[in-house]
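Grab the two chains, each in its own frame, and use the hints to assemble them into the complex.
Chains as they are written, first to last, in the numbering used here: chain P, -4 to 159; chain C, 4 to 812.
Calculated directly from the structure, the hints in this document are not laboratory data. Treat each hint with caution, since some may be false.
To be verified - Straight-line alpha carbon distances no greater than 20 Å define the calculated EDC-like cross-link-like pairs of lysine to aspartate or glutamate that follow:
| # | chain 1 | residue 1 | chain 2 | residue 2 |
| --- | --- | --- | --- | --- |
| 1 | P | K(-1) | C | D748 |
| 2 | P | K142 | C | D125 |
| 3 | C | K26 | P | D80 |
| 4 | C | K45 | P | E19 |
| 5 | C | K26 | P | E87 |
| 6 | P | K(-1) | C | D125 |
| 7 | C | K45 | P | D80 |
Every value quoted in this text rests on a predicted model; they were computed, and no experiment measured them.
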Amino acid sequence: MSNKMHIKLNVNGEDHEFLAEPRELLIHTLRERLNLTGPHVGCETSHCGACTVTIDGKSVKSCTMFVAQANGAEVTTIEGIGSPDALHVLQESFREHHGLQCGFCTPGMITRASKLLEENPNPTEEEVRFGMAGNLCRCTGYQNIVKSILAAAAELNAVKEAAQ
Amino acid sequence: MKDEVQTREDRVAGLKGLGCSRKRVEDARFTQGKGNYVDDIKLPGMLHGDFVRSPYAHARVVSINAEAALALDGVVAVITAKDLEPLGLHWMPTLAGDKQMVLADGKVLFQGQEVAFVVAKDRYVAADAVELVEVEYEELPVLTDPFEALKSDVVLREDLLGDGDTLPDGAHGPRNHPNHIFTWEVGDKDATEQVLSEADVVAEEMVYYHRTHPCPLETCGSVASMDKVNGKLTLYGTFQAPHAIRTVVSLISGIEEHNIRVISPDIGGGFGNKVGAYAGYVCSVVASIVTGVPVKWVEDRMENLMTTAFARDYWMKGKISATKDGKITGLWCHTTADHGGFDACADPTKFPAGFMNICTGSYDIPTAFLSVDGVYTNKAPGGVAYRCSFRVTEAAYFIERMIEVLAIELNMDAAELRRINFIRKDQFPYQSALGWEYDSGDYHTAWDKALESVGYEALRAEQAQRVEDFKAGKTRKLLGIGLTHFTEIVGAGPVKNCDILGLGMFDSCEIRIHPTGSAIARLGTISQGQGHATTFAQILASEIGLPADSITIEEGDTDTAPYGLGTYGSRSTPVAGAATAMAGRKIRAKAQMIAAYLLEVHDNDVEFDVDRFVVKGAPERFKTMKEIAFAAYNQAIPGIEPGLEAVSYYDPPNMTYPFGAYICVMEIDVDTGEHEIRQFYALDDCGTRINPMIIEGQVHGGLTEALAIAMGQEIAYDELGNVKTGTLMDFFLPTAWETPNYTTDHTETPSPHHPIGAKGVGESPNVGGVPAFSNAVHDAFRAFGLRQSHMPHDHWRIWKTANDLGLHG
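Okay, chain C solo, but in the shape it has when bound (with noise of 0.2 Å):
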């Protein structure tokens, strides 16, 4: 047999399993043009959908005239909120427990709301219509700051006002104004203002977090195709959360979710801008059970920045105690979270600011405090997970940038300080002071290894000298050293703690093993590029030792794959990637009891090697699984059901905690305000590794968010609540020219509880990117004086930041 002249390392790497920088799968399709988006679906009789939206960021909406458009040649809807009402759909739940409108009733909170949906037999006569509808706005004042909406008498949200004299509850408990949403506290306030009290030293900083937008290449959009014959809707879309999407549009409209199929094609890109549920979504599925015809809505560019989910926008007023030797003693935030005029934060129920409270970081610190208030403003709603899980980002550009005022405080070096006060090795499990169970984590082991291969030592001196050679005029630019140690949570998550809308966060696999020993499975997440197709299947083939070339992954279709919650927050290698090796386990099992009867001896006589099992102590007899699937199906095996298939639910018991080392050396022009990015080390510990390939291409990715976000990009808004930012023109990309090369390493620290020890990677770069490269420029200017300062450092704000420290002359 060949099986028999291989060796056990052939048979190991044939499977292409675990640890494989296995080629993607996807590549052939997306390299040739074959790729299958949104808007590369095409239906018999198909309209497009378009909308009118406000110029204005806070109106009431007095008239709306449709008559000139639906005058015009091919229009063959113009819908309204008094439309929507009678179907109870003019509003929509958000996934934060709040109702957004999904078209203007009565008034608009910001700009670009949907005011009217035009339905034509194409775009461009869509596009005609959408100029023809005639809408009579009053303006109303318009507040863009949250603190001054706190102090307002404008009430941007009457409808939530209720009868009474006092102010009837959120859905996070009491509201203290018509323009605040929820407190959430953590922590304790007492014990932990007493610790600053006393403490040797306290450092105080407001640290912004700007607001950005994920901005994935591909906009949002969905094809929605009501069959009226069978009652049956179909529904393709942009949707990181497809079954949480079919299970929502079920609950909104009534049709039961049986006669439901929402099916997420090839998605470009996500970032967390595709887990909301849209105004667009809903107005193509009314269209299309309106007109009994299929009904496209895609949004273009502008309507991507100005109106689907924004991420950030988070005022994080900070203050953390330690000794005079930089023990940490305490810490203590307050944030005030902008979430604009519906509350449309992505986070699980639970959790009103998401994660926030990861905000002690990679340290032992043992006392903390944080609360963060939602306000209501007249910008976009949204607050979503920019490739981060549920505000981790926001957490961890707060702490990192905490340390570094502190290491000002105390006159220390921050490498040092981090140091001391990292978590050590031996006390994972680890409670932190606000309330999570960290599961593993060797942070100093992954530092040294960080500032040994930067060279951190003669960096610093290097730094000294250019100090001293600028201010003796030999030079006019700076060096930076941004560091920065994360740790993220992900993996949301165990049931019991997380939800969206009452939905569970588990995730599933099914597998069905082919007779002829190839696989398919399907699983309840989404690939947005992260190679799903690729990795799953390297899983499956380490767990049931049939070759990943012969395993075929599927996701995105709700008809047939089983229920899951998704793909963000960095969850699918956590859970679905757990329920996979859970799945492949029971498949496992099974062809152990199929391989003892074949081999006539007891299921506890044969053990599982690579990809066959065999009589333990007498290896030249085994079954191959191959084998063992075609008997599976084939042959009669008393006492055991014919087939080989397996599902798995799976509930993580706890989330996964991935956690990093970046470095950033910057050269800052002190007279341009240019930077450039001179090296760049990330270190990533996300556990078991499955595809090293994709793990590098993931942290390149995130870096360049991460450069994007600290760098220059922003949604940013004048007094009127207009837009600035609404093109790629102003809303910065880096393109290949502004992005540096990047160096990658790892340590490997695997989730004790994680079925394969893997712990999620796709967001580390975007979570510890942003604070290494805003760390750079402030470091840069710490020996002139400089403690904080708001991203993005854009060109503009560096400038201003040398001219106010006096370094113009």
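Bound-form chain P, shown alone (with noise of 0.2 Å):
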């Protein structure tokens, strides 16, 4: 197993190169080999969305996908999307309207739905629905996830009006 590939990514800003075997799963990598251990395994087979990362702009399940086709890529994980002093307004948002419970699912919940609103920045609750369908809870019922959504949608559209 010495069949080793020369791999670069950028995550979360941050350059990094390594050589790692091609099967590695880039879950795999954030985890363990960069310590990101925002986002989880759940499944291992792309339908619970708990390895929900962002690669070059699209949300990408990161459990089923090898790290050499993300070689050269731009990935963005949980651990990118705010930071304790400056919390992305999701991460506010979730937890003022209680959509989360055990955690497990929420990073790449909060992943897939800062993708969500950059792809629709005023979406329908049908609409919030659809667009977070691959991403899996079985705490919350969905109902304050899509609710806490809704409402990250309203703030940062009230603060785009402020700005303009």
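Shown next as structure tokens:
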């Protein structure tokens, strides 16, 4: 297994270079090589979305992507979405509207939601439900997740309007 | 002083105590990806374990050849039952008094059973090595049907045959067949049979509650770290009962309990799946002892669904009798319980079928009889309470289906039939025919509120019109109104009745007040998303008058937390919540003496008021709890020890009995079998409400699990014992798209014996939700002659129901 590839990744704005087996899954690269344990492994089959990250502007489930496929890409994980001193609106909103319980799906959920609101800054409830259907939650029943995302959208739009 | 300008209301609000929708303190970490789940744990030199698993459901293991695996670079060990046998660890006790193979000891009893444990330097090498272990199997006949298993000559558990001609007793008494585990009988058999034989009306039905799985989003796992220098084992894992795990590990490994530290880190949902002890936990411990370095085992989703604890799989044959005007006179139930290859149910010892004997539900049924036969089959072991209290979901589903069937038999409205049979408010405490003392309830008030809220009469009128329109060819959609009134039994439990493996089911809280008026409290429970760090601080805030924001709650580390039996069966609030209040009252009692000393009055001349002790009749003279805390540590008070700490171990005098009224309005497309939930109304009465926001969240989540179970989720096997639903492609978890919005409501009937009157709520929505969804499906077809169909009501089964009823022309 010495068949390693030279990989370059930009993760949360930081460049990384390393040798990895091409079969290494991106989620393991992030969690075990780079110690970014925000994204989680829930199913290993692309169904649950706990591993969701943003790759070159698209929401991607990192448990079914080889690191070799991500070579050269820009990756954003939950760790790159906000910081303790400057939380993303969604991070505030999920807390405010009780959009999480055990927290296991939450990093993937917020990462996906942040992308959804870029794709569609003013979604209807139906569009949020459809746009988030790739992320499973076992605790909340989604009602408060949907509420959190709609509230965040409203807040982001208000900020945008105020800026204009 | 600032305090003097605050009103009493301000002071109460400032505590964020009972009744406050306080935002969760857990969320800052979780929303920033800073949770710490078991797979996030990374220790120096840590190895990874992975299982070789059986592809067969029933087979002899002829040989295991690990040579090629061991030759692979990076593989450290391959452990089999032969290696565990000298340590006495090739089998382990189950929570139900049975024993279970840790690694295949000569044979396998279910698909996916653990055969060998590979330890390697990383998870990829471990997975490669699993493929290289050669196992020779000899297939045996497979039993997946419990009724057949009880007649078959195929013996699944030769280890339980004994040496003589007669079968030795099992953990729960005599066994009548090698594949029979126990018979459990409750109630008066003869009297019930007599009542049934003399009744005006008897409705009879087989109610099947299919096999499903709790499927928390995080799978099970552990990291064991044996420190050979100081002889201490640290075991991190997905444990809903960390102290019980410590005791069990000590008993089976021989390591003294003080040398074992069990830590449950953040848990990504449990729902009962993380109550039991699994082979992976034992193997990670053994591997760490053997290798002297930490060993991690984390299962994948398929392993989780195929091998760790399933739920339900109860065949409940029922008879219910009534007078011709609908007064129920008797209930009879015989359940055939499929337990899989080992009896690894998680039930209190004296209750081999859990609290199935709550199956008289919310109704005043004078005579009843229940018998349950446990059966071995070639399926995975388990039988845990999936978001319920020990088989209460099964009981609630059974009675709520039987009521509907009786309503059909009587040609009565099912809401009215419930109403005339409810236990009345003035009957509490109520002794049920099957042995429980219901602590409190007001079912009629809840029921009337629910029916009124949904506009029940108008819904029935709409439904009748819909049936006419359907018959006239004007629509292809039917309308179902699913009713449920459930009664839960939670908070196990009184130690005299409830133990698991001999461990009494009390719980605990230990509080330390810091000199500056903040505090830490540690409990024997462990949150898996319930928000304990938020809500237990609220209980304490109201009890001791310090703000919830100044109270840290810690759980899950057995080196620091007091002993407790953990979190499942909605027992945290009823038991540990009570311990928290009681420990808080001990703090308050000492604070009262300190306050009296500081105010130079007698102990009885001061009284507690929100956040302070005041001199009776002179409210301007007071000491705040903050001042008292400082004095407790820093002022020499004659006759009083320094410090302000308390511990309480709470053994509840009774269970608590939360209840609720749920109504589901469902549209069903007869031609596609698709459903649409138009409205779901959930009224819960969980007694005193600690945090309404969290209660509502629990209800939403439990209802969504109920939606999954009722409408599509199952663990299905083929006749060879192959699991057909081993991934999230086949095992239904609803997305945001399929999940409706719910309307929540409440009444509040405090528990008379709980210190703060709280009853627990986490599991109610699963218990009540499943019959509400299922009854809606059945109700839609009632006008066309449907009495009973089996869950899950997926599109195919609903289409088939419509087809069988001749509705496709």
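Each hint, compared with the structure:
no., hint, verdict
1, P:K(-1) <-> C:D748, "violated, 59 Å"
2, P:K142 <-> C:D125, "violated, 41 Å"
3, C:K26 <-> P:D80, "holds, 19 Å"
4, C:K45 <-> P:E19, "holds, 18 Å"
5, C:K26 <-> P:E87, "holds, 11 Å"
6, P:K(-1) <-> C:D125, "holds, 16 Å"
7, C:K45 <-> P:D80, "violated, 27 Å"
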